[in-house]
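Number of protein chains: 2
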Amino acid sequence: MDKILLLTGDNAAYQSRLGTCQFTDDPEAAAIWLAEPAMAAPLLRQGHQPRWLASTFAGVDALMAGDLPRSYQLTNVRGIFGPLMAQYVFAHLLSQLRELPRYAAQQADAQWQPHPYGSLAGQTLVLLGTGDIAQHIAQVGKAFGMRVIGVSRSGTPKPGFDEVHAIAALNAILPEADALVSVLPNTPATHHLLNQDTLALLPSGATLINVGRGHTLCPDALLAQLNRGALRRAVLDVFEQEPLDSASPLWRHPNVTITPHIAATSFPDQIAAQFLDNLARYRRGEPLANQVDFTQGY
Amino acid sequence: MDKILLLTGDNAAYQSRLGTCQFTDDPEAAAIWLAEPAMAAPLLRQGHQPRWLASTFAGVDALMAGDLPRSYQLTNVRGIFGPLMAQYVFAHLLSQLRELPRYAAQQADAQWQPHPYGSLAGQTLVLLGTGDIAQHIAQVGKAFGMRVIGVSRSGTPKPGFDEVHAIAALNAILPEADALVSVLPNTPATHHLLNQDTLALLPSGATLINVGRGHTLCPDALLAQLNRGALRRAVLDVFEQEPLDSASPLWRHPNVTITPHIAATSFPDQIAAQFLDNLARYRRGEPLANQVDFTQGY
Numbered sequence: 148m149d150k151i152l153l154l155t156g157d158n159a160a161y162q163s164r165l166g167t168c169q170f171t172d173d174p175e176a177a178a179i180w181l182a183e184p185a186m187a188a189p190l191l192r193q194g195h196q197p198r199w200l201a202s203t204f205a206g207v208d209a210l211m212a213g214d215l216p217r218s219y220q221l222t223n224v225r226g227i228f229g230p231l232m233a234q235y236v237f238a239h240l241l242s243q244l245r246e247l248p249r250y251a252a253q254q255a256d257a258q259w260q261p262h263p264y265g266s267l268a269g270q271t272l273v274l275l276g277t278g279d280i281a282q283h284i285a286q287v288g289k290a291f292g293m294r295v296i297g298v299s300r301s302g303t304p305k306p307g308f309d310e311v312h313a314i315a316a317l318n319a320i321l322p323e324a325d326a327l328v329s330v331l332p333n334t335p336a337t338h339h340l341l342n343q344d345t346l347a348l349l350p351s352g353a354t355l356i357n358v359g360r361g362h363t364l365c366p367d368a369l370l371a372q373l374n375r376g377a378l379r380r381a382v383l384d385v386f387e388q389e390p391l392d393s394a395s396p397l398w399r400h401p402n403v404t405i406t407p408h409i410a411a412t413s414f415p416d417q418i419a420a421q422f423l424d425n426l427a428r429y430r431r432g433e434p435l436a437n438q439v440d441f442t443q444g445y
Numbered sequence: 148m149d150k151i152l153l154l155t156g157d158n159a160a161y162q163s164r165l166g167t168c169q170f171t172d173d174p175e176a177a178a179i180w181l182a183e184p185a186m187a188a189p190l191l192r193q194g195h196q197p198r199w200l201a202s203t204f205a206g207v208d209a210l211m212a213g214d215l216p217r218s219y220q221l222t223n224v225r226g227i228f229g230p231l232m233a234q235y236v237f238a239h240l241l242s243q244l245r246e247l248p249r250y251a252a253q254q255a256d257a258q259w260q261p262h263p264y265g266s267l268a269g270q271t272l273v274l275l276g277t278g279d280i281a282q283h284i285a286q287v288g289k290a291f292g293m294r295v296i297g298v299s300r301s302g303t304p305k306p307g308f309d310e311v312h313a314i315a316a317l318n319a320i321l322p323e324a325d326a327l328v329s330v331l332p333n334t335p336a337t338h339h340l341l342n343q344d345t346l347a348l349l350p351s352g353a354t355l356i357n358v359g360r361g362h363t364l365c366p367d368a369l370l371a372q373l374n375r376g377a378l379r380r381a382v383l384d385v386f387e388q389e390p391l392d393s394a395s396p397l398w399r400h401p402n403v404t405i406t407p408h409i410a411a412t413s414f415p416d417q418i419a420a421q422f423l424d425n426l427a428r429y430r431r432g433e434p435l436a437n438q439v440d441f442t443q444g445y
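Chains as they are written, first to last, in our numbering: chain A, 148 to 445; chain B, 148 to 445.
Note that these hints are calculated values from the structure, not bench results.
Treat the hints with care, since some could be wrong.
As the list claims (entries may be wrong) - Below, in silico cross-link-like pairs of lysine-lysine (BS3-like), each with a Cα-Cα straight-line distance of 27 Å or less:
#	chain 1	residue 1	chain 2	residue 2
1	B	Lys289	A	Lys289
2	B	Lys150	A	Lys305
3	B	Lys289	B	Lys305
4	B	Lys305	A	Lys289
5	A	Lys305	A	Lys289
Taking the hints into account, I'd like the entire structure generated from these sequences.
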């Protein structure tokens, strides 16, 4: 039976959920790695290589560096993070729309004071990315009565979206956005896609949410846009450097919400179940599910 | 043309949206009242009566008092409040689940510290009420992957619910609830339905949200339950007396969220559109939409 090397923040949690598997700490003895990408990269760099690397993350950009080998099968996690991402996105959109902090402050003063508010229904949600995470967010947006537009490399129609456009149409779509949510992976094509020129196309009442990768967004361009009063709010869960430097002006900007890369956390229960499913395919010699295409990086 | 009496908090907003109608301030000259229930009740009590009273609210309990006439047609507003109620319910459920206030406090200290969290997916949402407002909440719950159980007088199946049970089964269902949301109207049958006995059946990790009417919930029983640590949180938008007395211990309870009856506000645009639609029916002599049954009170 092929042995498994665990490279995660909580190996004990995986061991208890993968009871029938055999584990090893020796990368040379392990045909299969179940690993966080950033923990696997140094071993790959040292010349070790599995037959199959099962990433416990959706984002595998840490494995895409040019000096790393690509002659192994790489799978990532899909279908798990979508619901969590959707819950994060709508927690923040709705808390802002319905002014939860303002009412909490009023409650502390026993103050009964209603304020007018708007509705998500009829608003336009623009999603950068149309994969399974974006589809979950789109589905919830539709349940709230939003118009949902997706933007992807190809512009191929996907379930849950009212429209999907190719990235070439981005500049025409950004002015429509009441909320712009990026779930894009970190690839050369997405680097600083949200920059001075593209951010300037957003309506001043728009909310930007980045739950994909920090590299998609140019932080200086964001701060300039916010400081011009040309963007309502940015909700940022991912950054070019993580943890975000405590000296970053983003932390204290009144129109920025910072969270520490928690939009979708890997719960071992769900990831272990998906891994076991794929392990059965591996043992039967069948093609693995959720394979990553090294040429695309996702 | 039948004249219309406006009895709302913002009559000018309705006049501008109902441009072709004729208005009067004389209740005797008006066959039609477009009115907030609590503003119409005193005129009814004085002996005035329209042929048709179009309530701008969903809840018409202020018109159900035993000394008020019932020999007029009463309609209420439907289909408008559901999306707003759903946005309120999930704003509060998600803000709590994803600890938005905790992360805001960390941000103020430039502190990067993730915390574990759960998912709505797989949780059970119990809705007291299965009408159009509850159906909107159910639909969003399903989009988030929740199991959605409805409780109604009859137990008749309704779209969007995994199960609907008659009120007689309430005690068997409450122990299932991760979230219990009441959208019940104020009727004799719903008075203090949530009392010491029924609240005790909720799991200690449950969240109670009342967006229906205050009379459904016994506040002393709620406080006792919270103080025993036997309920995670109560989110209350409606109260037996509104505004809530500033001396109420609910204001300062750490596990209670108070909002000033804002879960679904009447936006004149939408209500005027629904009124005009019904006015056309009225003028054609057709049955009105959204008629209230005086024997049920909704």
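Results of checking the hints against the structure:
no.	hint	in the structure
1	Lys289/B / Lys289/A	12 Å, holds
2	Lys150/B / Lys305/A	51 Å, violated
3	Lys289/B / Lys305/B	13 Å, holds
4	Lys305/B / Lys289/A	20 Å, holds
5	Lys305/A / Lys289/A	13 Å, holds
Hint 2 from the earlier list is the only one contradicted by this structure; the remaining hints agree with it.
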